[in-house]
Amino acid sequence: MASKSGIVSRLKRRKIQEVLGAGNRMDGRALDEYREITLKTGPMEKTSGSAEVTIGKSRVLVGVKVQIGSPFEDTPEKGVLMCNAEFTPIAHPTFEPGRPGENSIELARVVDRGLRSAEILDFGKLSLIDGSAVYMVFVDIYVLSYDGNLFDAAALAAIAALKTAKRPVHTVKAGVITLTKKTQALKILRSPLAVTLAKIGDTFMVDPTADEEEVLDARLTVAFDEDGNICTIQKGGSDGITTEELHKALELAQVKAAELRKHL
Amino acid sequence: MSKAKITTKKKTTTKKTKEKTRFDGRKANELRPLKIESSVLPNADGSAYIEMGRNKILVGVFGPREMHPRRFAKPNEATLRCRYHMSPFSVDPRRSPAPSRRDTEIGMVMNWAIEPAVFLEKYPRSVIDVYAEVLEADGGTRTACINAATVALVDAGIPMRDLVSSCAAGVIDGQIVLDLGDYEDKEGEADVPVAYLPKLGKITLLQMDGILPIKVFTDCVDLAIDGCLQINEIQREALKKKYGISEEAEE
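Sequence lines, in order, name chains A and B. Read in this note's numbering, the first sequence has 516 at position 93, and its numbers run on one by one without any break. Read in this note's numbering, the second sequence has 112 at position 110, and its numbers run on one by one without any break.
Be aware that one or more of the hints could be misleading.
[Said to hold, decoys possible] Covered stretches of chain A (chain B as the covering partner; in silico rule of three or more C-beta atoms under 8 Å from a C-beta of chain B):
| # | segment |
| --- | --- |
| 1 | 445-459 |
| 2 | 531-543 |
[Stated by the list, open to error] Taking lysine-lysine and the DSS-like style, the derived pairs with C-alpha atoms no more than 25 Å apart in a straight line are:
| # | chain 1 | residue 1 | chain 2 | residue 2 |
| --- | --- | --- | --- | --- |
| 3 | A | 480 | A | 548 |
| 4 | B | 244 | A | 480 |
| 5 | A | 671 | A | 658 |
| 6 | A | 685 | A | 586 |
| 7 | A | 589 | A | 435 |
| 8 | A | 463 | A | 610 |
| 9 | A | 463 | B | 37 |
| 10 | A | 463 | A | 658 |
| 11 | B | 37 | B | 242 |
| 12 | B | 243 | B | 188 |
| 13 | A | 480 | B | 243 |
| 14 | A | 604 | B | 76 |
| 15 | A | 463 | A | 548 |
| 16 | A | 604 | A | 589 |
| 17 | B | 201 | A | 480 |
[What the hints assert, rightly or not] Each pair of labels, with its calculated beta carbon distance range:
| # | chain 1 | residue 1 | chain 2 | residue 2 | range |
| --- | --- | --- | --- | --- | --- |
| 18 | A | 589 | B | 37 | 22 to 32 Å |
| 19 | B | 205 | A | 658 | 55 to 65 Å |
| 20 | A | 658 | B | 35 | 41 to 51 Å |
These are calculated hints, taken from the structure and not from any lab test. In this text the structure is predicted, and so the values were computed from the model without any measurement. Glycine included, each C-beta is placed from N, C-alpha and C at the ideal position.
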């Protein structure tokens, strides 16, 4: 993404701030208004579960695969959850092919933390042979189009894909693992959803576009579970926020998370 | 997917091909269901989505744009740069998102398949990036990528000599068949992917896996070209739809 110090960015910022001064946004939305959201589950047949979310022109596809692998040494009797994000070069002219950049790693880690902290799965039940074979749940976030707010889109797509995912069922007899024809739902216990706020000047707004993200001073992503508890927080951007701003932001994010939940 | 399932399908293949139909009920010279849509990505200069059988592929075209690093720019023409990439969830088992040697080779042969159709000399020193993202793979992804990339290039407004169409033919149980799906690809004796420029009469992609006598091989190529011509019509339809040209309006 282009740097904030560029001339185009400075002009963009001036214009966005000017409009914000009158309480408006460039696309005519209210400060607490999301763009149109769509959610489609199951578009990919070769996955255990999948979901595609669009928020405005941002589009994220999540594929969940469940397969057998080795557990981590420190948790030999527990299944494994892995989150990975790819920014495909078709998503935006500035996205280049190659190794994952810091933005895609941050996206994967924030979604991962939300799922992990909310304890979405009983990992103890995902072990086949303690210490050597457990179910591994791969959550692959594939960004197909970028126009801001990938966090909220990815978190929504990830939990929607997990909730509809069906894993293979294996039997273990005398240390031999056999695949059965059965599948069973992953029992998803909690559903964390992320809400991202951008701060430009002194104004906070939800669901920032790519232009708003390019010029923002600070960013706050908060994930909530269905009881309104916070599961994860990520503050980004190079400006700070005051405690009063934080309180207000959390209040707004909580309301918005409840609204987002209607899409699940 | 389960191993048990694969075995059952294989049995069906063997049994059914003797009756001259294939495991998915197709005739030997029949394409899989094919759907192409253009202008599907808001941030790309041109784009296309293709479903060829169970293949699901998105292609985005960016450019002509400035070449980075600059020393790779050609003084007399544009550089076409195709990249083939598969999503981690496109196949079973999950694959690593890091580009494989296979991905690199397919990107290269896509370049060779498409380049002859593009007026590269119109845009010296620039680059045209063609990014193919395979969301779901079902055999014949390289041919599907070429078909979608062609439509995406036209969608980007890049002048072309011809529409490149691509399709594979192969041999299963001694029978020559068109447009092999994943199971056929793995179980068959040979697979011959072809890309063809109908107006120029040129083959621009030609590969083969397996063992075939010359006569059978050339028959495969002929059948694949037949498939390419059918696909060419579908590509044209996808583009006509984009420009709002209906069949009647043309007549």
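Results of checking the hints against the structure:
1. Counting residues of the segment 445-459 of chain A whose C-beta lies closer than 8 Å to any C-beta of chain B gives 0; at least three are required, and the coverage claim is violated.
2. Here the segment 531-543 of chain A counts 0 residues with a CB under 8 Å from a CB of chain B, which misses the bar of 3, and the coverage is violated.
3. Distance check on the hinted pair: residue 480 (chain A) and residue 548 (chain A) sit about 39 Å apart at the alpha-carbon level, beyond 25 Å; violated.
4. Note on residue 244 (chain B) and residue 480 (chain A): the hinted pairing holds, with a Cα-Cα distance of about 19 Å set against a maximum of 25 Å.
5. Pair hint residue 671 (chain A) plus residue 658 (chain A) holds up; C-alpha atoms about 15 Å apart against a cutoff of 25 Å.
6. Among the hinted pairs, residue 685 (chain A) with residue 586 (chain A) is consistent with the structure: their alpha-carbon atoms are about 14 Å apart, no more than 25 Å.
7. As the CA atoms of residue 589 (chain A) and residue 435 (chain A) are separated by approximately 46 Å, the hinted pair breaks the 25 Å bound.
8. At most 25 Å may separate the alpha-carbon atoms for a hinted pair to count; residue 463 (chain A) and residue 610 (chain A) meet this at roughly 20 Å.
9. The straight-line distance between the Cα atoms of residue 463 (chain A) and residue 37 (chain B) is roughly 20 Å, inside the 25 Å bound, and the hint therefore holds.
10. A C-alpha spacing of about 29 Å is found between residue 463 (chain A) and residue 658 (chain A), which places the hinted pair above 25 Å, so the restraint is violated.
11. Between residue 37 (chain B) and residue 242 (chain B) the CA atoms are separated by roughly 14 Å; this keeps the pair inside 25 Å, and the hint holds.
12. Straight-line distance between C-alpha atoms of residue 243 (chain B) and residue 188 (chain B) comes to about 35 Å, which puts the hinted pair past the 25 Å bound.
13. Restraint check for residue 480 (chain A) and residue 243 (chain B): the C-alpha separation of about 22 Å stays at or below 25 Å, so the hint holds.
14. With a C-alpha separation of about 56 Å, the suggested pair residue 604 (chain A) and residue 76 (chain B) falls outside the 25 Å cut-off, and the hint is violated.
15. With a C-alpha separation of about 28 Å, the suggested pairing of residue 463 (chain A) with residue 548 (chain A) is violated against the 25 Å cut-off.
16. Between the alpha carbons of residue 604 (chain A) and residue 589 (chain A) the distance comes to roughly 12 Å, so the proposed pair stays at or under 25 Å and holds.
17. Between residue 201 (chain B) and residue 480 (chain A) the CA atoms are separated by roughly 37 Å; this puts the pair beyond 25 Å, and the hint is violated.
18. In this structure, residue 589 (chain A) and residue 37 (chain B) meet the distance hint of 22 to 32 Å, their C-beta atoms being roughly 26 Å apart.
19. At roughly 57 Å, the beta carbons of residue 205 (chain B) and residue 658 (chain A) sit within the given window of 55 to 65 Å.
20. Between residue 658 (chain A) and residue 35 (chain B) the CB atoms are about 48 Å apart, so this pair conforms to the stated range of 41 to 51 Å.
In summary, the structure is inconsistent with hints 1, 2, 3, 7, 10, 12, 14, 15 and 17 from the numbered list given earlier, while agreeing with the others.
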